[in-house]
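With the hints as constraints, model all of the structure from the sequences given.
If you read the protein sequences in the order shown, they are chains A and B.
Letter by letter, the first sequence follows residues 1 to 282 in the working numbering.
Letter by letter, the second sequence follows residues 1 to 205 in the working numbering.
Among these hints, one or two may not hold up.
What the hints assert, rightly or not - Only pairs whose alpha carbons sit at most 20 Å apart, straight line, appear in this in silico EDC-like list of lysine to aspartate or glutamate:
hint: 1; chain 1: A; residue 1: K190; chain 2: B; residue 2: D32
hint: 2; chain 1: A; residue 1: K219; chain 2: B; residue 2: E139
hint: 3; chain 1: A; residue 1: K196; chain 2: B; residue 2: E40
Stated by the list, open to error - Residues of chain B clear of chain A, computed beta-carbon distances all greater than 10 Å:
hint: 4; residue: V43
hint: 5; residue: L196
hint: 6; residue: Y202
What the hints assert, rightly or not - Some chain B residues judged to face chain A by a derived CB distance under 7 Å, without partners named:
hint: 7; residue: Q30
hint: 8; residue: L35
hint: 9; residue: F36
hint: 10; residue: F48
hint: 11; residue: F50
hint: 12; residue: A61
hint: 13; residue: E178
It should be emphasised that the hints constitute simulated quantities derived from the structure, not laboratory data.
Glycine included, every Cβ here is placed at the ideal spot set by N, Cα and C.
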Amino acid sequence: MSSAQIAVERIELPADSPARRPLAKLAWHWRNNPKRELWLAWYAIVAFYQMFFIVFFLITRAQPPGKPWWNSTQVVQWFDQMHNGLLWGFAVIFLLGGMSAFSTALIAYSMRRMSVSPAFAYSYLIMYSLAAVPGMLLLCVALTAGALRPDRDPELIHAIFDLAFVSFVGTMGVFLIGSVIWMVAILLDKNRVFPKWFAYLNLCNALTEVVIAPACIFKRGVFSWNGQISWWLDMVVFGIYTGAFIGQLRTMILREDVGTGPLPDAAPRPAADAAVPAGAAA
Amino acid sequence: MSTTFDPPAEAAAAAPVDWDRASRDNVPGQPDIWLFVLFETLVFAGYFGFYLYNRPRHPGAYLAAQQELHLPLGIVETLTLLTSSLLIARSVEAARSQQWNTALRNAYATASCGVLFLTLKVIEWISEARAGNTPISNEFFSYYYFLTGLHLLHLLIGFAFLGVLVHRLRGPAARSREVIETCGVYWHTVDYLWVLIFALLYVVR
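Right, here's the structure in full:
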């Protein structure tokens with residue numbers, strides 16, 4: 001049986017087969033599934049974004065961002081209130097933040113699976129690898145440094161606060177170009193890796209990244225780094241986009257035949273109690 | 001845009017493989033581009049919503065700033081884009097009946113209108129900036145530069161779509177009715193977004 005057939009076909013096992021039990025099924029896939037690395041990367045992406053949300057929105061409260069118009073006293077108060085959350089939350093990011101690489105890697109893989117030049121995948125990979133440092137880690141480092149020694153000069157704490165959030169919004173241009181690269185790759189692709197609507201959704205996402213640029217100019221209002229347009233509306237679009245691309249990557253893995261040429265359509269789902277995926281079909 | 005298709009008999013013999021595909025579909029162009037239209041409309045509705053929410057909080061300041069705009073220039077810009085929309089519709093119609101030269105001429109004319117709009121907009125920006133109306137002057141002009149700038153970005157991307165259109169019209173092997181119509185749909189989106197922006201910034205008091 002060819003790898004392509006393994007990837008898209010499903011077989012039915014007897015009802016009393018050991019491979020039907022969850023742990024046995026997992027072990028079987030671990031040993032035999034040619035797409036296990038892809039699935040590991042995909043589950044890591046899901047885990048990363050959940051962790052990102054919990055840490056940034058709930059534990060550290062670094063998102064939504066602090067107010068850009070605060071004076072030094074207010075910034076120091078903010079650090080005091082968030083002290084433990086910042087230290088514990090960002091400790092988690094320092095430990096597990098590298099999981100963001102799975103997202104970049106799987107997206108680059110999707111472009112390598114397309115019929116387009118590898119330059120698309122490599123450009124995306126390099127840009128996002130570099131952008132993760134100022135876009136995420138520098139914010140974490142700066143806010144941790146601010147929280148670590150509350151007795152510092154308030155002006156210095158204020159500068160750290162600005163550095164953190166300007167660093168966060170300052171990398172949006174990278175995400176803009178990254179989305180455009182992915183969009184062009186999808187539109188040019190002949191292997192049908194992603195639907196064309198997803199290319200246009202990339203364009204929508206890229207255009208909303210542009211909106212963040214005024215945050216470097218405005219300290220108040222809808223265009224500041226926490227403004228209704230620059231942050232809230234963008235976050236809605238980014239949330240939809242992130243959900244869409246995680247779903248599309250999952251569909252891509254389901255359809256992947258570990259070969260070349262156009263991706264086959266996804267195999268139909270078997271009846272819940274009558275079949276288990278065969279080979280790579282998870 | 002009509003999807004009826006009635007090519008001359010001699011042209012139909014040499015028609016590309018997918019040429020009558022769109023006549024079987026419910027919408028012109030790729031159905032996917034309509035999701036883009038929907039999504040961009042929703043995003044712009046958000047921008048307009050914030051503008052309309054903030055405007056009544058400082059009605060006097062907004063009205064005073066709004067009167068600084070060149071309404072006649074805005075009207076000329078609007079007419080320019082509406083003309084460009086008419087021209088690209090004619091281009092797509094000509095392509096449907098496989099009158100390639102007519103389609104190309106209309107595509108070039110569309111691009112010319114786009115360049116004219118771009119030029120007028122830059123002139124308007126320079127004029128406003130010289131009059132002291134910059135993005136940080138007041139809230140109204142923040143919205144003005146933001147919305148017109150974002151729209152201009154859509155227009156620049158529209159030139160890429162026009163490039164694809166011309167490429168598809170010039171090469172017999174590259175002709176695809178679906179792609180040609182998709183380019184038309186994008187350009188109409190640029191046009192109708194401008195009409196909304198024009199009404200909101202220049203006209204509504």
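Give me the numbers of the hints this structure contradicts, sorted from smallest to largest.
-> 4, 10, 12, 13
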